[in-house]
Amino acid sequence: MKNIALTISVAFFVAAPSSAALAETASGVVRVKSTVLSACAYEAGGDDVLIDFGIYNGQVGEATVPAGSGIRFTCTEGTPYQVGLDLGSFPQLPFRTMQTPGDPSPSRQILYRIYRPGTFFDWGDDQGNDTVDGVGTGQPIELLPRGFIDRKQVVEPGDYSDTVVMSLYF
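Per my numbering: the sequence shown = residues 2 to 171.
Simulated from the structure, these hints should not be mistaken for lab results.
Wrong hints could be hidden among the right ones.
Claimed, not checked - Label-pair ranges, simulated between beta-carbon atoms:
(1) 31 with 51: 50 to 58 Å
(2) 43 with 107: 32 to 40 Å
(3) 24 with 79: 46 to 54 Å
(4) 93 with 37: 18 to 26 Å
Claimed, not checked - Calculated pairs, EDC-like style, for lysine to aspartate or glutamate (alpha carbon to alpha carbon, straight line, at most 20 Å):
(5) 153 with 44
(6) 34 with 78
(7) 153 with 53
C-beta: ideal position from N, C-alpha, C; glycine also.
Please work from the sequences and hints to get the whole structure.
As C-alpha coordinates, then:
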(Lines of atoms letter the chains of each structure in order from A and count residues from 1; the text may use other names and numbers.)
(Lines give C-alpha, C1' and ligand atoms only; values in the text may rest on other atoms or scores of the structure.)
Protein backbone atom coordinates (compact mmCIF):
# COMPACT_ATOMS: atom_id res chain seq x y z
CA MET A 1 0.00 0.00 0.00
CA LYS A 2 2.83 2.46 0.72
CA ASN A 3 4.17 2.09 -2.80
CA ILE A 4 0.78 2.99 -4.26
CA ALA A 5 0.46 6.06 -1.99
CA LEU A 6 3.98 7.19 -2.85
CA THR A 7 3.36 6.79 -6.56
CA ILE A 8 0.16 8.82 -6.37
CA SER A 9 1.88 11.52 -4.29
CA VAL A 10 4.76 11.78 -6.74
CA ALA A 11 2.37 11.98 -9.67
CA PHE A 12 0.44 14.69 -7.82
CA PHE A 13 3.48 16.84 -7.13
CA VAL A 14 4.94 16.39 -10.60
CA ALA A 15 1.63 17.38 -12.15
CA ALA A 16 1.52 20.68 -10.19
CA PRO A 17 2.05 23.80 -12.29
CA SER A 18 5.73 24.67 -12.63
CA SER A 19 5.36 28.24 -13.91
CA ALA A 20 6.81 29.82 -10.75
CA ALA A 21 8.45 28.71 -7.54
CA LEU A 22 6.08 29.07 -4.60
CA ALA A 23 7.27 30.08 -1.16
CA GLU A 24 4.90 28.08 1.03
CA THR A 25 4.16 24.36 1.17
CA ALA A 26 1.28 22.54 2.75
CA SER A 27 1.13 18.80 2.71
CA GLY A 28 -1.37 16.11 3.51
CA VAL A 29 -1.86 12.42 3.12
CA VAL A 30 -3.68 10.66 0.32
CA ARG A 31 -4.88 7.31 1.59
CA VAL A 32 -5.47 4.46 -0.81
CA LYS A 33 -7.65 1.56 0.23
CA SER A 34 -9.26 -1.55 -1.22
CA THR A 35 -11.10 -4.56 0.14
CA VAL A 36 -10.97 -8.03 -1.39
CA LEU A 37 -14.05 -10.02 -0.49
CA SER A 38 -14.21 -13.76 -0.14
CA ALA A 39 -16.16 -14.74 -3.19
CA CYS A 40 -16.86 -17.72 -5.39
CA ALA A 41 -18.67 -17.84 -8.72
CA TYR A 42 -20.16 -20.94 -10.34
CA GLU A 43 -19.46 -21.22 -14.06
CA ALA A 44 -22.24 -23.25 -15.63
CA GLY A 45 -20.53 -23.37 -19.00
CA GLY A 46 -23.80 -23.32 -20.95
CA ASP A 47 -25.06 -26.75 -19.91
CA ASP A 48 -25.60 -28.43 -16.59
CA VAL A 49 -23.20 -31.19 -15.57
CA LEU A 50 -24.33 -34.59 -16.89
CA ILE A 51 -23.35 -37.96 -15.44
CA ASP A 52 -24.31 -40.30 -18.29
CA PHE A 53 -24.21 -44.03 -17.53
CA GLY A 54 -25.29 -44.92 -21.04
CA ILE A 55 -27.04 -48.29 -21.38
CA TYR A 56 -27.33 -50.29 -18.14
CA ASN A 57 -27.10 -54.05 -18.72
CA GLY A 58 -27.19 -55.38 -15.16
CA GLN A 59 -23.45 -55.12 -14.68
CA VAL A 60 -21.56 -52.49 -12.75
CA GLY A 61 -22.12 -49.13 -14.38
CA GLU A 62 -19.51 -46.41 -14.10
CA ALA A 63 -19.53 -42.88 -15.43
CA THR A 64 -17.04 -40.06 -14.99
CA VAL A 65 -17.80 -36.57 -16.18
CA PRO A 66 -15.23 -35.67 -18.86
CA ALA A 67 -12.81 -32.79 -18.31
CA GLY A 68 -14.31 -29.53 -19.46
CA SER A 69 -17.83 -30.65 -18.51
CA GLY A 70 -17.49 -30.82 -14.72
CA ILE A 71 -18.52 -28.55 -11.88
CA ARG A 72 -16.58 -25.36 -12.63
CA PHE A 73 -16.15 -22.39 -10.33
CA THR A 74 -13.63 -19.77 -9.26
CA CYS A 75 -12.96 -18.50 -5.73
CA THR A 76 -10.79 -15.57 -4.75
CA GLU A 77 -7.36 -16.56 -3.48
CA GLY A 78 -7.47 -17.80 0.10
CA THR A 79 -11.26 -18.27 0.20
CA PRO A 80 -12.23 -21.62 1.76
CA TYR A 81 -15.01 -23.43 -0.11
CA GLN A 82 -17.11 -26.57 0.12
CA VAL A 83 -19.02 -28.14 -2.75
CA GLY A 84 -22.00 -30.30 -1.87
CA LEU A 85 -24.37 -32.49 -3.89
CA ASP A 86 -27.79 -33.23 -2.47
CA LEU A 87 -29.30 -36.73 -2.54
CA GLY A 88 -31.34 -36.07 -5.64
CA SER A 89 -35.07 -36.22 -6.22
CA PHE A 90 -35.59 -39.82 -5.05
CA PRO A 91 -33.09 -40.66 -2.26
CA GLN A 92 -32.96 -44.13 -0.73
CA LEU A 93 -30.04 -43.86 1.67
CA PRO A 94 -27.22 -44.56 1.17
CA PHE A 95 -28.15 -44.42 -2.53
CA ARG A 96 -29.55 -41.90 -4.91
CA THR A 97 -32.22 -43.21 -7.27
CA MET A 98 -32.90 -42.71 -10.96
CA GLN A 99 -36.41 -43.56 -12.06
CA THR A 100 -38.65 -43.31 -15.07
CA PRO A 101 -40.78 -40.17 -15.00
CA GLY A 102 -44.00 -40.60 -13.03
CA ASP A 103 -43.44 -44.24 -12.03
CA PRO A 104 -41.89 -44.80 -8.58
CA SER A 105 -42.31 -48.61 -8.62
CA PRO A 106 -39.16 -50.56 -7.62
CA SER A 107 -38.89 -52.14 -11.08
CA ARG A 108 -38.56 -48.60 -12.47
CA GLN A 109 -35.70 -47.49 -10.22
CA ILE A 110 -31.93 -47.71 -10.57
CA LEU A 111 -29.91 -47.14 -7.40
CA TYR A 112 -26.64 -45.30 -7.88
CA ARG A 113 -23.93 -43.38 -6.03
CA ILE A 114 -21.86 -40.30 -6.76
CA TYR A 115 -18.33 -40.32 -5.39
CA ARG A 116 -16.05 -37.39 -4.67
CA PRO A 117 -13.33 -37.01 -7.31
CA GLY A 118 -10.52 -39.56 -7.01
CA THR A 119 -12.19 -41.47 -4.15
CA PHE A 120 -14.83 -44.06 -3.34
CA PHE A 121 -16.40 -41.79 -0.71
CA ASP A 122 -19.98 -40.67 -1.24
CA TRP A 123 -20.39 -37.04 -2.25
CA GLY A 124 -23.10 -35.40 -0.18
CA ASP A 125 -24.20 -32.03 1.11
CA ASP A 126 -23.30 -32.30 4.81
CA GLN A 127 -20.79 -29.45 5.14
CA GLY A 128 -17.43 -30.56 6.52
CA ASN A 129 -18.43 -34.22 6.39
CA ASP A 130 -19.02 -35.42 2.83
CA THR A 131 -18.49 -32.31 0.71
CA VAL A 132 -15.45 -31.54 -1.43
CA ASP A 133 -13.44 -28.91 0.45
CA GLY A 134 -10.65 -26.64 -0.68
CA VAL A 135 -9.21 -23.13 -0.75
CA GLY A 136 -9.57 -20.80 -3.72
CA THR A 137 -6.54 -19.82 -5.77
CA GLY A 138 -8.14 -17.16 -7.95
CA GLN A 139 -7.95 -19.63 -10.84
CA PRO A 140 -10.82 -21.75 -12.24
CA ILE A 141 -11.43 -25.05 -10.46
CA GLU A 142 -13.13 -28.06 -12.06
CA LEU A 143 -14.45 -31.03 -10.11
CA LEU A 144 -15.33 -34.23 -11.98
CA PRO A 145 -18.01 -36.32 -10.24
CA ARG A 146 -17.86 -40.12 -10.61
CA GLY A 147 -21.03 -42.18 -10.65
CA PHE A 148 -21.49 -45.91 -9.99
CA ILE A 149 -24.44 -48.25 -10.42
CA ASP A 150 -24.35 -51.51 -8.47
CA ARG A 151 -24.75 -54.66 -10.55
CA LYS A 152 -27.63 -57.11 -10.64
CA GLN A 153 -30.42 -54.58 -10.37
CA VAL A 154 -33.47 -55.90 -12.19
CA VAL A 155 -35.25 -53.04 -13.91
CA GLU A 156 -37.68 -52.63 -16.78
CA PRO A 157 -36.57 -51.05 -20.06
CA GLY A 158 -36.92 -47.28 -20.21
CA ASP A 159 -35.18 -43.98 -19.72
CA TYR A 160 -34.10 -43.27 -16.15
CA SER A 161 -33.02 -39.94 -14.69
CA ASP A 162 -32.56 -37.94 -11.53
CA THR A 163 -31.73 -34.33 -10.67
CA VAL A 164 -29.04 -33.57 -8.09
CA VAL A 165 -28.58 -30.02 -6.80
CA MET A 166 -25.02 -28.69 -6.38
CA SER A 167 -24.30 -26.14 -3.64
CA LEU A 168 -21.13 -24.04 -3.47
CA TYR A 169 -20.49 -22.84 0.09
CA PHE A 170 -17.89 -20.16 0.89
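Exercise for review: Can you let me know if the beta-carbon spacing of residue 93 and residue 37 is within 18 to 26 Å?
Suggested key: 44 Å, violated
Review point. CA of residue 153 to CA of residue 53, is that 20 Å or under?
Key: 19 Å, holds
Exercise for review: Starting from residue 34, check that the Cα of residue 78 is at most 20 Å away, please.
Suggested key: 18 Å, holds
Review point. If you check the beta carbons of residue 24 and residue 79, does the distance land in 46 to 54 Å?
Key: For residue 24 and residue 79 the Cβ distance comes to about 50 Å; the hint holds.
Exercise for review: Note whether the CB distance of residue 43 and residue 107 lies within 32 to 40 Å or breaks it.
Suggested key: At roughly 35 Å between Cβ atoms, residue 107 and residue 43 fall inside 32 to 40 Å, so the hint holds.
Practice item. With respect to the beta-carbon atoms only, verify the hint that residue 31 and residue 51 lie 50 to 58 Å apart. Key: 53 Å, holds
**Study point:** Distance restraint between residue 153 and residue 44, which requires alpha-carbon spacing of 20 Å or less
**Key:** Violated, at about 37 Å.
The structure does not agree with the numbered hints 4 and 5 stated previously, though it agrees with the rest.
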